[in-house]
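Heads up: the protein sequence lines correspond to chains A and B, in order.
Heads up, the first sequence stops at 288 in our numbering, and the numbers go up one at a time, no gaps.
Heads up, the second sequence stops at 248 in our numbering, and the numbers go up one at a time, no gaps.
Hint data in this document are derived by calculation from the structure and do not stem from the laboratory.
Treat the hints with caution; some may be incorrect.
[To be verified] Only pairs whose alpha carbons sit at most 27 Å apart, straight line, appear in this in silico DSS-like list of lysine-lysine:
(1) A:Lys89 / B:Lys76
(2) B:Lys162 / A:Lys186
(3) B:Lys11 / B:Lys179
(4) B:Lys11 / B:Lys109
(5) B:Lys109 / A:Lys186
The lines below spell out each chain.
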Amino acid sequence: MSEQLQTLEPIITVDDLSSKRRLRDLPWWLFAILLIAVYVVFIISSNENYNKAFVFIKAGLYITVTTTLKSFLIALIFGLLAGLGRISKNVVINNIARFYVEIIRGIPILVLIFFIALVGVPVLVDGLNTFGYWLADNGVGFLGKVFTAVTNKDISMNSRAIIALAVTYGAYLAEIFRAGIQSIVKGQTEAARSLGMSYGQAMRYVILPQAIRNVLPALGNDFVAMVKDSSLVSVLAVRDITQVSRLYAGSTFRFRESYIVLAVMYLTITVVLSLLVQLVERRLKTHE
Amino acid sequence: MSNSDYIIEIKDLHKYFGSIKAVDGVNINIERSKVVVVIGPSGSGKSTLLRCINHLEEPTSGEVWIDGEKITHAAKQINEIRAEIGMVFQLFNLFPHLTAMENVTLAQKVVRGRSKEEAKQIAMEKLQRVGIPEKADVYPTNLSGGQQQRVAIARALAMDPKIMLFDEPTSALDPEMIKEVLDVMLDLAQEGMTMVCVSHEMGFVRSAADEVIFMDFGKIVEHTTPDGLFNNPQKDRTKLFLSQILEH
Ligand SMILES: Nc1ncnc2c1ncn2[C@@H]1O[C@H](COP(=O)(O)OP(=O)(O)O)[C@@H](O)[C@H]1O
Ligand SMILES: [Mg+2]
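Next up, chain A with everything else stripped away, as it sits in the complex (with noise of 0.2 Å):
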């Protein structure tokens, strides 16, 4: 606190023109956000309608945590995979890597949920799953326990969520890593290649820890697209914040609490990170 005192005081010692620009640059939209955040804790405090609609959507912040950290953990290996297969010289796994790409980012999120979750993974479960009686029928019985242990039942809705918002996020985390490899100059890649390292060593030592640092920021912030996207595997009936909500307001009437309440805690949860996101950018730009 009395640190903070004693950086403020040169603003309020410098003359009045630079003082008036640092009003004007001062974050007043952080502040707005602010001010209606603890506004409506200040309601969900003191007002019961508000509260019961907090303590019960509540209960969807495990899912809807888990659900994105579990996702983004997916879609980063899906991503640098298919980001490396982006730039590969191989034309059968660039020409894969590109039409994995290129699908996802032709459908719009909402249908690629429905379709993966309803369609794609029961099709491929299905599929492995026949496979796997096809290999017991013809002797080889224990290979295929492998690939009916799990069956379309086993699977649930989170997990077909996650699975949905991984292959999506995947997509675009893509050609993040893409761009990130691709804005390293070349020079690199033949320092390392003369020291007698192969591709794949020189990308694991070189290209990618410079790449990724690069990325980190573009990477934070679709992070926080899928914390927000997130909401979408509602669809599914996954019991997320916004399930939760949809849930107790159709149940209670108190759309307006339930929704002031919903679109707050996202608002909440995606300016911190936000924030963290800006400050790693300028802690990577300092450090550079």
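Chain A is fixed; fit chain B with the ligands onto it per the hints.
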């Protein structure tokens, strides 16, 4: 069969970029421990020639033999051969996310399979040798150009190469830093390293070169000794080029 008197043999080498004939039918044989300096105007194919030696560029046609072994673009062989050929670049190309020490140890560990301790010890020897052991833990951005280039040389030397390639190693340096890099190169030459250098440092040519190759338009115009170059150039094109670079 290859004559293993020569550590590098380049046979009828061509490298085209579309319609540009960057290297256009070059033959060179280089003996062990020789220092060969390649000179020539910008765009004459010097870098491309050098980069064909370790297959950073895949030749359009022709052959490169290293130590009696024909280089192909097959991944495994080329990685093994590159580990034996150090390369130093005009713009240093240090790995910016690694310290000087880590720059020198990385390939030792992942390519040569040396232990961390061994790699560190060798790296320290090489950093000492190029005169900047005290910069071991410094990141490239905090090094001067001359220091960066010396780390780059240490990085290449740590692989125990049989051959060192230098592509205009001093041309991106401020004048006061050129000497510190040339001194290291001179040292190497005197110790018997086989070196192919693209450089227009005539002092270096005089004191270190065994042979000089003058290239123009992708072709070798003249392949001679430093003495032959300075005192008895055969071709008009060579004389003109020399007069241009010796002017300043
Ligand atoms: N990767 C490349 N793609 C297309 N053209 C190239 C490439 N590298 C070199 N060249 C061309 O080949 C010629 C020789 O280039 P280079 O070997 O770099 O010459 P030098 O090193 O003597 O200046 C130039 O005309 C150059 O533009
Ligand atoms: Mg060049």
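Hint check:
no., hint, in the structure
1, A:Lys89 / B:Lys76, "holds (17 Å)"
2, B:Lys162 / A:Lys186, "holds (25 Å)"
3, B:Lys11 / B:Lys179, "violated (34 Å)"
4, B:Lys11 / B:Lys109, "violated (34 Å)"
5, B:Lys109 / A:Lys186, "holds (22 Å)"
Of the numbered hints given earlier, the model fails hints 3 and 4; all others are met.
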